Amino acid sequence: MLLINTKFNMPDNGDIEELVWERLSLIPDPEIPVISITELGVVRAVRYCREQLRIIITPTYTGCPAMQLFMAEIKAAMHDMGFDDVVVETVYSPAWTTDWIAPEALDRLRKYGIAPPVKPAAGDDPLKEPVVPCPHCGSKNTTLRSQFGSTGCKALYVCEL
Amino acid sequence: MDTQQALFRYNLRLGDTNLILGHRLSEMCSRGPMLEEDIALTNIALDHIGQAEALLDYAGTLEGLGRTGDDLAYLRPEWEYYNLLLAEQPNTDFAFVIVRQFMIDTYQCLLYDHLRSSKDETLAGMASRFLKETLYHQRHSRNWVFRLGLGTEESHSRLTAAVNELWKYAGELFESDEVESILAAAGIIPNPASLREPWLESVRKDLRQASVPEPPASHAATGGRNGRHGEQLGHLLAEMQYLQRAFPGAAW
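So the sequences go chain by chain: A and B. Residue numbers for the first sequence follow this note's numbering, beginning at 1 and rising by one. Residue numbers for the second sequence follow this note's numbering, beginning at 1 and rising by one.
It is possible that some hints are incorrect.
To be verified - Examples of chain A residues lying across from chain B (beta carbon under 8 Å, computed):
| # | residue |
| --- | --- |
| 1 | Ser25 |
| 2 | Pro28 |
| 3 | Thr62 |
| 4 | Val91 |
| 5 | Tyr92 |
| 6 | Ser93 |
| 7 | Pro94 |
| 8 | Gly113 |
| 9 | Arg145 |
| 10 | Ser146 |
| 11 | Phe148 |
| 12 | Gly152 |
| 13 | Leu156 |
Hints are computed from structural coordinates only; laboratory data are not their basis. In this text, all values refer to a predicted model and were calculated from it rather than measured experimentally. Where is the CB? At the ideal position from N, CA and C, for every residue including glycine.
Chain A with its partners taken away, still in its complex shape (with noise of 0.2 Å):
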């Protein structure tokens, strides 16, 4: 799939780097397989240097078992373009933050049963719990039921309508 081996028509950094981007868009984040890892925001640099590629990821969460998977998913998916030397590096700075979400990917977390993060508007308390309209009807009649949900990175809610 990839000519990183031919002589003559050797594509540069950049190039390599754009079809990387382009491989990894195509890894389905494991817990909620509708968006990609890189529309979630993990994937922050891609550098490929001395025939060596590095992929540098920022976990969403510190707990999340999916992380060992992504790793794992990547340095697959590098392996089959051709990759020998592959290294991906955990950076915590600056922490991921649901800001980093795809704004297209948003729209099909919602279609999947996700209501995406709510933005406080500016002014809002912030200590105020945040109005989450349901993903299915766009009740804003909801209530928190766990902070906690199936994994981590999504908290529970019951619509009341």
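Given the coordinates of chain A, assemble chain B onto it according to the supplied hints.
Just chain B now, kept in the frame of chain A:
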């Protein structure tokens, strides 16, 4: 002791507190008072274990002897564990689980907030990630303190008993020795004593709101940060380290 050695020991202290607390919480798996709470406690356990993994991996790098985070977690005896005594206290009842968590959450929120501006970039980066998680944990444990304190007579008395019993472990949170002195002087960590007043103020305010009386003065238990633990830590490690002890080098 140079700065790097001090930072190694400090990372073990923070990492061990998270690992032991995470393991204690994982013991609640399938024993939560209701399904949502079972899921909440185990999710919080995962966060603490994840934080421990990052801190212990970093400790291994600082030490430079090739020990990984896993080696540090699974192959040290209890006298080389430097967690706070509070973290290892058993899950006596649900109120104990919540009060232990509430005390540590409040402490970690203050600590991580300061560590975000640490002169050590790795520690600062981790702290900015951990703070977000810890604020979420604190929201959970504080809510439970209010619900138990303002709930039934039974829940109120159990909460009060847990506060009175665990209060003696609070002093250790703000202790320092050569390790902290070196790092505080280098701008890597805040002076632990400086967190005491903000912590007391925050905890007292919440306890008052939960109508829990001020805990009586008691002796302060100490020693965990230097490897002196209660009997219960040995039992915890015996279970946590069993696989690596029985089958050295076992891997997934």
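We went through each hint and held it up to the structure:
no., hint, verdict
1, Ser25, "violated (24 Å)"
2, Pro28, "violated (21 Å)"
3, Thr62, "holds (3 Å)"
4, Val91, "holds (7 Å)"
5, Tyr92, "holds (4 Å)"
6, Ser93, "holds (3 Å)"
7, Pro94, "holds (7 Å)"
8, Gly113, "violated (18 Å)"
9, Arg145, "holds (6 Å)"
10, Ser146, "holds (4 Å)"
11, Phe148, "holds (4 Å)"
12, Gly152, "holds (4 Å)"
13, Leu156, "holds (7 Å)"
In summary, the structure is inconsistent with hints 1, 2, 8 from the numbered list given earlier, while agreeing with the others.
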